[in-house]
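Protein chains: 2
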Amino acid sequence: MELLKERIRRDGKVKDGHIIKVDGFLNHQIDINLLEEIGKEFRRIFGGENITKIITIEASGIAVACLTAMYFNVPVVFAKKSESKNIDGEVYRSKVTSYTRGHDYTVILEKKYLTSKDRILIIDDILATGKAQRGLLDISKQAGAYVAGIGVVIEKGFQGGGDQLRAEGYNVQSLAIIDSMENNTVLFRE
Amino acid sequence: MELLKERIRRDGKVKDGHIIKVDGFLNHQIDINLLEEIGKEFRRIFGGENITKIITIEASGIAVACLTAMYFNVPVVFAKKSESKNIDGEVYRSKVTSYTRGHDYTVILEKKYLTSKDRILIIDDILATGKAQRGLLDISKQAGAYVAGIGVVIEKGFQGGGDQLRAEGYNVQSLAIIDSMENNTVLFRE
Chain A
1 MELLKERIRR DGKVKDGHII KVDGFLNHQI DINLLEEIGK EFRRIFGGEN
51 ITKIITIEAS GIAVACLTAM YFNVPVVFAK KSESKNIDGE VYRSKVTSYT
101 RGHDYTVILE KKYLTSKDRI LIIDDILATG KAQRGLLDIS KQAGAYVAGI
151 GVVIEKGFQG GGDQLRAEGY NVQSLAIIDS MENNTVLFRE
Chain B
1 MELLKERIRR DGKVKDGHII KVDGFLNHQI DINLLEEIGK EFRRIFGGEN
51 ITKIITIEAS GIAVACLTAM YFNVPVVFAK KSESKNIDGE VYRSKVTSYT
101 RGHDYTVILE KKYLTSKDRI LIIDDILATG KAQRGLLDIS KQAGAYVAGI
151 GVVIEKGFQG GGDQLRAEGY NVQSLAIIDS MENNTVLFRE
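Residue numbers (this note's numbering), protein chains in the order written: chain A, 1 to 190; chain B, 1 to 190.
Simulated from the structure, these hints should not be mistaken for laboratory data.
Copies of the same chain are indistinguishable here, so a pair counts whether it falls within one copy or spans any two.
Cut-off 27 Å, straight-line C-alpha distance, at most; resulting in silico cross-link-like pairs (DSS-like, lysine-lysine):
id	residue 1	residue 2
1	LYS111	LYS131
2	LYS21	LYS111
3	LYS111	LYS5
4	LYS95	LYS21
5	LYS141	LYS112
6	LYS21	LYS112
7	LYS117	LYS40
8	LYS112	LYS13
9	LYS13	LYS117
10	LYS112	LYS5
Build out the structure end to end from the sequences listed, making use of the hints.
Take a look at the structure:
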């Protein structure tokens, strides 16, 4: 998606530790117009898949998931990262190791919001090692839901998580894949 | 907002401890069509305020903030609840005591995303004691930003946080104010 790549080139900042900061438009401050275009693009890619629900993880996946769901006219369900008094039903759980946070956490999703009747699209802002996405895949498997696709805004291709998922047969579609960030220069996969 | 009140009556569940569960449509599973109507309603209420940014806190405020920002054509900035390798600039910090989580947390927001030039609308899904909103007000004060309004989807009026903020002069507008949840019956303020 050229509009997105241009934005990453212009406003993205490479940090040591293979981190790309895109928090000026994607995951701290959010450019809603860009997200609308991203939502339309995911609709173009996955529009034929009869998606019934869009699944993501709090927090930064929620914005992209919502603006995408608008073009699919389906609900979003976001997995939560911590217990709360608001969670009381039966839940699916899966453990995730976070690269950016440096510790493990458990994601939970109430069972009544994901069932074997669902054909889901997993949406997230960043795919690096794929750990967060695997947490959602694990929960989808527990629910018996069909994973029609995984839509990612920015994939850090050099960390390999996306290609591993593709090798396992998942339909992973990333709007921008970064293959290298050497010398502060972002190189995208063609 | 009648559509919202009807939905709360139909799908909301009262739990002990003054909790109203609305996670079937607002803060776990999200009804995007309802959120579009909510966004339009906030635009109707605050449309004359020359808002430059919409501010919220992760996680459940993000969906409402994004669907509202669409109708204002301004960016969203969401305060984060934890440190991350992705945060590196100068930040504003404020401590918040959570009613539903039962512990304190610090919210952080990078300074470059909120300045004294901003006229902000604070958006959140739930207002109870007002602690989360006060965290955002504290950060706004640190930034010198003008708070044009506070828009809330559901206010638990009986917990008093909204009325305290109004008494201090803030323009708090809640789309549904619950004044009582005795005997599992939700009574709205007229």
